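**Q** Using the sequences provided together with the hints, build the complete structure.
Quick note, the sequences are listed as chains X and A, same order. Under our numbering, think of the first position of the first sequence as 1, with each following residue one higher. Under our numbering, think of the first position of the second sequence as 1, with each following residue one higher.
Heads up, a few of these hints could be off.
[Unchecked claim] Here are some, though not all, of the chain X residues that point toward chain A, as calculated from beta-carbon distances under 10 angstroms:
#1 LEU17
#2 GLY21
#3 PRO64
#4 SER84
#5 THR94
#6 ALA101
#7 ILE102
#8 ALA115
#9 ILE135
#10 ASP174
#11 GLY175
#12 ILE267
#13 MET268
#14 LEU280
[Claimed, not checked] Estimated spans, in silico, between C-beta atoms of each pair:
#15 X/ASP249 <-> A/GLY142: 40 to 46 angstroms
#16 X/GLY103 <-> A/SER240: 54 to 60 angstroms
#17 A/ALA255 <-> X/CYS48: 37 to 43 angstroms
#18 X/VAL100 <-> A/ALA255: 44 to 50 angstroms
#19 A/GLU106 <-> X/ARG203: 39 to 45 angstroms
#20 A/ARG211 <-> X/LEU263: 23 to 29 angstroms
#21 X/VAL193 <-> A/ASP124: 34 to 40 angstroms
#22 A/GLU106 <-> X/HIS11: 33 to 39 angstroms
#23 X/VAL100 <-> A/ARG35: 38 to 44 angstroms
#24 A/GLN246 <-> X/PRO70: 49 to 55 angstroms
#25 A/ALA255 <-> X/VAL87: 27 to 33 angstroms
The set of hints was computed from the structure by calculation and includes no laboratory data. Being a predicted model, the structure only gives us computed values, none of them experimental. Where a beta carbon is used, it is the ideal one built from N, C-alpha and C, also for glycine.
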Amino acid sequence: MFLSFLTAPRHGTQLFLFVLGAVLVFAAVMAALHTLPPRAKRWLIVACTFVAGLFYLLEFMLPPGTLMPPPGPGEGPVTDNFLSRYVEPVGYVTQIIAAVAIGLGVINLARVNSAPLLRFRPGWQNSLAFFTGLIVMLVVGLWRWKLLLNVTTVAQEKAVNESTIGSLYRFLFDGLYSNLGGTVFALLAFYIVSASYRAFRLRSAEATLMMITAFIVMLGNVPVGTAYLTGWIPDGHWYSFLKVEHMSDWIMNTPNMAAQRALIFGIMMGVIAVSLRIWLSLERGRFFEQEL
Amino acid sequence: MQHASLTIAILEALAAFIILYKILSAKRGRELFIRRIPGLAAIDEAIGRATEMGRPILFSPGLAGLDVTTLQALSIAAYVARMAARYNTRVIVPVMDPAVYPVAEEVIREAYAAEGRPELFNPDDIRFLSDRQFAYASGVVGIMNREKVAANFFFGYFYAESLILGEAGTQIGAIQVAGTPATTQLPFFIVSCDYTILAEEFYAATAYLSREPILLGSLVGQDWSKVALAVFIVVGVLLSTLLGPQSPVITALTAQLGGG
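**A** Here's what the structure looks like:
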């Protein structure tokens, strides 16, 4: 009931007042929490962590249909339990925290970059580029968003995108930002060469084995291996396994897959153990105890 | 929504029981042995080298949000920061997720305070760079070059930028230690870093570094859970091989346990 009231859609003045009220309540609660003694804070954190963990654990573990009305005639089988409907609204909490945190992140960036710029320290040009990029993208992005608010048809949206602000936004995003990202990604091509050179130097028996394996897998994925090198070997004979693509598939699907699964089993057990420690607030030893 | 099948529920309950039992055993004072993990032992070596050179340390907690992997990475960051505070060495922590930024700041601040050196903590050394993958990667590479870092730690979840970070660190001659549960990125860290902590060793890091009984117990419980899981797999394979996959026993077990 209360959750439905909180998540009900609102518009106009009602939305503004609701947001303002929520911010004021949030600030008051935070101020009240700040005055609590450390011991009370600790128990509050422990209780919140336990309740939140319990909610997701029960939602996942309880079988579909638990405490749910039976399906009506013509309806399919029930796929959720009574907690499933709250997963999305509870997930909003994470989104709200992220939204608040992005503000903190921008403040941090501004603080780190303002000192070099104001005092002309070495590298002040980088800080200038940051502030220029931040302000220009913010102004253009918000301006475009404001124009798009009144759009109701596809033609109007097209007109906004082809306006000066729309073109400027595309220039900044598609013309600059995407290309810069692509440039950094392209560095991988060069780094893979230098990393492979170091990895495949024949320094030990293991390195030699790895180089031979990598060579087979590589040949099994390029035409020079599949078509020319062993392309003449016919399929369906006892010696067909000598085709590089078959050897490559076997390496990837048998020993490689076995090793990958072993690693994943270990990782998942680690995740369960750490999750359990966090959920039950046992992860408070050396690093978490003193400060709470 | 996805819900646990009976198999998953039984296995998770079993794993949780074993881990909690071992934690309680460890709390009662039982001696537990864990093997040496060279990558984790190398953390102190890397901090020592940075201290000798008088240069900062860079610690990247990866690209994931505020999840189990990142929390584990931040626990390791706390250890690195405490050691660095002890030897008066700077630690720079660039973060990608804005929700991780305040947590990382608190963890590092508390680590300096725990060593009795709160004045050494510089909030500007915890930097939110960008929530975009390659913008973050180029930002980290920029910090490595400008600050001339002597040691790089890459702990957390990484994607394609792992090789960019590792190779950029190699080029500046930094000693590098990496640990990630991202199995697809492990080869890149192995070839570009001096030490790599493989997969589950990542989750053993806090137990290994702190030697806290609760964490050690959890680690041993985790290993016993793996043994139990392996026994299940072997029994399943043997039953399926001996009786045949279409036998009534296997069919009934599959139907009861919800497996495929």
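**Q** Hints first: check each against the structure and report whether it holds.
**A** Each hint, compared with the structure:
1. Hint status for X/LEU17 relative to chain A: violated, with the closest Cβ pair at about 27 angstroms, above 10 angstroms.
2. Interface hint at X/GLY21: violated, since its Cβ lies 24 angstroms from the closest Cβ of chain A, which is beyond the 10 angstroms cut-off.
3. Evaluation of the X/PRO64 hint against chain A yields a held restraint, the C-beta minimum of about 6 angstroms falling below 10 angstroms.
4. Below 10 angstroms, beta-carbon pairs count as interface contacts, and X/SER84 has one with chain A at about 4 angstroms; its hint therefore holds.
5. The closest approach between the C-beta of X/THR94 and any C-beta of chain A is roughly 8 angstroms, which is under the 10 angstroms cut-off, so the hint is satisfied.
6. Among the interface hints, the one on X/ALA101 holds; its C-beta lies about 4 angstroms from the nearest C-beta in chain A, closer than the 10 angstroms criterion.
7. A distance limit of 10 angstroms between C-beta atoms decides the matter here; for X/ILE102 the minimum to chain A is near 4 angstroms, and the interface restraint holds.
8. A cut of 10 angstroms between beta carbons decides the hint on X/ALA115: the least distance to chain A is about 8 angstroms, and the hint holds.
9. The criterion of a C-beta within 10 angstroms of any C-beta in chain A is not met by X/ILE135, whose closest approach is roughly 16 angstroms, and the hint is violated.
10. A hinted interface residue such as X/ASP174 counts as satisfied when its beta carbon comes closer than 10 angstroms to some beta carbon of chain A; here the least separation is about 14 angstroms, so the hint is violated.
11. Given hint, X/GLY175 at the interface with chain A, is violated; its Cβ is 16 angstroms from that chain's nearest Cβ, farther than 10 angstroms.
12. A cut of 10 angstroms between beta carbons decides the hint on X/ILE267: the least distance to chain A is about 5 angstroms, and the hint holds.
13. Satisfaction of the interface hint for X/MET268 is found here, the shortest Cβ-Cβ separation to chain A being roughly 9 angstroms, below the 10 angstroms cut-off.
14. Contact between X/LEU280 and chain A, as hinted, is supported at the beta carbon level, the nearest pair being about 8 angstroms apart and thus within 10 angstroms.
15. For the pair X/ASP249 and A/GLY142, the supplied restraint of 40 to 46 angstroms holds, since their beta-carbon distance comes to about 42 angstroms.
16. Between X/GLY103 and A/SER240 the beta carbons are some 56 angstroms apart, a value that agrees with the proposed interval 54 to 60 angstroms.
17. Hint check: A/ALA255 to X/CYS48, Cβ distance near 40 angstroms, so the stated range 37 to 43 angstroms holds.
18. Taking the beta carbon of each, X/VAL100 and A/ALA255 are about 48 angstroms apart, inside 44 to 50 angstroms as hinted.
19. With their beta carbons about 44 angstroms apart, A/GLU106 and X/ARG203 fall inside the hinted range of 39 to 45 angstroms.
20. At about 25 angstroms, the beta-carbon gap between A/ARG211 and X/LEU263 stays in the expected band of 23 to 29 angstroms.
21. A hinted range of 34 to 40 angstroms holds for the C-beta pair X/VAL193 and A/ASP124, which are about 36 angstroms apart.
22. Remark: the range hint 33 to 39 angstroms for A/GLU106 to X/HIS11 is upheld by a beta-carbon distance near 38 angstroms.
23. The hinted range of 38 to 44 angstroms is satisfied by X/VAL100 and A/ARG35, whose Cβ atoms lie roughly 43 angstroms apart.
24. For the pair A/GLN246 and X/PRO70, the supplied restraint of 49 to 55 angstroms is violated, since their beta-carbon distance comes to about 34 angstroms.
25. For the hinted restraint 27 to 33 angstroms between A/ALA255 and X/VAL87, the CB-CB distance of approximately 28 angstroms keeps it satisfied.
Checked against the numbered hints given earlier, the structure breaks hints 1, 2, 9, 10, 11, 24 and satisfies all the rest.
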